[in-house]
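Working from the sequences, and respecting the hints, build out all of it.
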Amino acid sequence: MDRGSLEALQLKRLRDTVQKLERVPFYHAKFEKSGLKPEDIKSTADIRRLPFTTAADLRENYPDGLLAVSRDEVVRLHTSSGTTGKPKALFFSRRDVDTAAELLARAFCMTGVTRRDVFQNMMSYGLFTGGLMMHYGAEKVGCMVIPSGPGTSERQLMLMQDFGTTVVHVTPSYAFYFADFLEKKGIDPRRQLALRKAFVGAEPYTEETRRKIEAALGVDVYNSYGLTEMNGPGVAFECEGKCGLHVWEDNFVMEIINPATGEPVGDGQTGELVLTSINREAMPLLRYRTRDLSSIIPEPCACGRTHRRLHRITGRSDDMLIVRGVNVFPQQIERVLMSIPQIGRNYLILLEGLDDMTVKVELSPSAFDGQVERLEELQNQVAEKLRAELWVRPKVDLVASGSLPVTEGKAKRVIDKRSL
Amino acid sequence: MNTVKLMAVFAENRPGQTARVTEILARANINIRCFTVASSGAFGVMKLMVNDPVRACQALQQEGFAATLTDVLAVEMADEPGALHRVAEGLATQHINLANTTGFVANQRAILVLEVENPAQVGEVLKQQGLHVLTQAEIMAI
Numbered sequence: 000m001d002r003g004s005l006e007a008l009q010l011k012r013l014r015d016t017v018q019k020l021e022r023v024p025f026y027h028a029k030f031e032k033s034g035l036k037p038e039d040i041k042s043t044a045d046i047r048r049l050p051f052t053t054a055a056d057l058r059e060n061y062p063d064g065l066l067a068v069s070r071d072e073v074v075r076l077h078t079s080s081g082t083t084g085k086p087k088a089l090f091f092s093r094r095d096v097d098t099a100a101e102l103l104a105r106a107f108c109m110t111g112v113t114r115r116d117v118f119q120n121m122m123s124y125g126l127f128t129g130g131l132m133m134h135y136g137a138e139k140v141g142c143m144v145i146p147s148g149p150g151t152s153e154r155q156l157m158l159m160q161d162f163g164t165t166v167v168h169v170t171p172s173y174a175f176y177f178a179d180f181l182e183k184k185g186i187d188p189r190r191q192l193a194l195r196k197a198f199v200g201a202e203p204y205t206e207e208t209r210r211k212i213e214a215a216l217g218v219d220v221y222n223s224y225g226l227t228e229m230n231g232p233g234v235a236f237e238c239e240g241k242c243g244l245h246v247w248e249d250n251f252v253m254e255i256i257n258p259a260t261g262e263p264v265g266d267g268q269t270g271e272l273v274l275t276s277i278n279r280e281a282m283p284l285l286r287y288r289t290r291d292l293s294s295i296i297p298e299p300c301a302c303g304r305t306h307r308r309l310h311r312i313t314g315r316s317d318d319m320l321i322v323r324g325v326n327v328f329p330q331q332i333e334r335v336l337m338s339i340p341q342i343g344r345n346y347l348i349l350l351e352g353l354d355d356m357t358v359k360v361e362l363s364p365s366a367f368d369g370q371v372e373r374l375e376e377l378q379n380q381v382a383e384k385l386r387a388e389l390w391v392r393p394k395v396d397l398v399a400s401g402s403l404p405v406t407e408g409k410a411k412r413v414i415d416k417r418s419l
Numbered sequence: 000m001n002t003v004k005l006m007a008v009f010a011e012n013r014p015g016q017t018a019r020v021t022e023i024l025a026r027a028n029i030n031i032r033c034f035t036v037a038s039s040g041a042f043g044v045m046k047l048m049v050n051d052p053v054r055a056c057q058a059l060q061q062e063g064f065a066a067t068l069t070d071v072l073a074v075e076m077a078d079e080p081g082a083l084h085r086v087a088e089g090l091a092t093q094h095i096n097l098a099n100t101t102g103f104v105a106n107q108r109a110i111l112v113l114e115v116e117n118p119a120q121v122g123e124v125l126k127q128q129g130l131h132v133l134t135q136a137e138i139m140a141i
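Chains as they are written, first to last, in numbering that gives the first Met the number 0: chain A, 0 to 419; chain B, 0 to 141.
Hints in this document: simulated from the structure, not taken from any laboratory.
Some hints here could point you the wrong way.
[Said to hold, decoys possible] Here's a subset of chain A near chain B, in silico, CB distances under 10 Å, partners left out:
1) S365
2) D368
3) L374
[Said to hold, decoys possible] Not close to chain A: a few residues of chain B, all C-beta gaps over 10 Å, as computed:
4) I31
5) Q60
6) L90
7) A140
We put the beta carbon where it would ideally sit given N, CA and C, even for glycine.
Dropping the structure here:
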């Protein structure tokens, strides 16, 4: 599709979306306040007249305040963890699920995946979109999909060997872990496995990590970007050029803004990625603040596609951490710790190795009764409460009261030494 | 029932932690009669029998340490083969579990230190077996 037709389609879909959202009380109130009418959107640049939607808006409208269709139209619910106890709830109609699968199928075809491929999906299924949506996308291409999920490397390997897996979908941390496992087993993936491609995502990683995974597994690694608030994983993907992620602009309008002012920054400059879903039925969102930092690559790609590209995500404009593919906010940890009287409010998050999270917490002197067993129980109790809140079980270390830094904020509370 | 005070100190499991504790106790002129460390991953618990438990505990707490006193049993045994076995068997027949236990020999006297949930009851069992349960003053005089 040439750029002109693509932009015309974007505009049409954007206007339809605004019209549709007039029925959603949250957006209706915002349009009323600013006096905006769907007709006022005369070009995609007019998107700046639309209100932002934030993670806080999703939480405040939990569970279904932003639903744009009747519940009967909804065929799927996914959630994304947030900074407070309640997750963000995202609804999908049948067409939304099909569209998400379609966008993923496009991405797979773009890298040369065909119906002859065997696609092993080593990602979590469940409320997290990354597992299920990629599964649907690979099925749409016609691959044989093996829904192996994460964990048990022995079984992953058995499936790869017995069914000739050619493509995997995996987090960078698990890719490293699995490469280590193969090495210990004395298996050379180049000669003994049929692997040729890996879609690596759900956590940001560097170019160096890509090269390491490629070398360790003998595959081509393609970066992917998505978020549950949009369609899940299929927002932006790399083509065979591996030089930035093509955003499916017929489905999303992307903007890069200065996170402090909300004003747009120039092409090529880094800022917060803002996405508007313009082809969603059940729950379109206007100008969603992703908090992910990136920049637009304005130049056309050598592959010839007109969908513009994003640089790989370089960080977050808030305190969010991604651990084993799961979003973790330091505030969540703080809240859990405050509910446990035997420990203090201070904590330190240590991220090491591939993706190991240790939370250091201070033992309240009054809770100490001299029993090692009781302290071990307390450590387990804290780890279990954190697991229930974060969906990731950290290692918990009890330390002496007063031994941790007391300042607020991620900089002092998080030490990230991961090799990703 | 005679019991003695055992001081427990929480410390992180890294070099220099014991030295910090012993330095504070030395400065407070505290004499240590018995010392053990049980470590579990990132932390450890030091257990000490000292000549002035209350003052030792305060000295450590003032320096920010989590320290606490518990009542334990100190039992004198014969310093000969089979002595510990007789005690252990006696407790076993009464279904008493030995968890945190340590022992030492000083001046030809063998002392077994038992941390139990119910010192009064266990002390009675030991007395019935003809064993002497020491007082705080006795343990300091060894």
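Hints, one by one, checked against the model:
1. Given hint, S365(A) at the interface with chain B, holds; its Cβ is 8 Å from that chain's nearest Cβ, closer than 10 Å.
2. The interface hint given for D368(A) is met, as the beta carbon of that residue sits about 6 Å from the closest beta carbon of chain B, less than 10 Å.
3. Restraint check, L374(A) versus chain B: the minimum CB separation of about 6 Å is within 10 Å; hint holds.
4. In this structure I31(B) is separated from chain A by more than 10 Å, as the shortest Cβ-Cβ distance comes to about 16 Å.
5. The non-interface label for Q60(B) is inconsistent with chain A: the shortest C-beta to C-beta separation is roughly 7 Å, within 10 Å.
6. Every beta carbon of chain A lies more than 10 Å from that of L90(B), the smallest distance being close to 19 Å; the non-interface claim holds.
7. The claim that A140(B) lies off the interface holds: its Cβ sits roughly 24 Å from the closest Cβ of chain A, which is beyond the 10 Å cut-off.
Consistency with the previously given hints fails for number 5 only.
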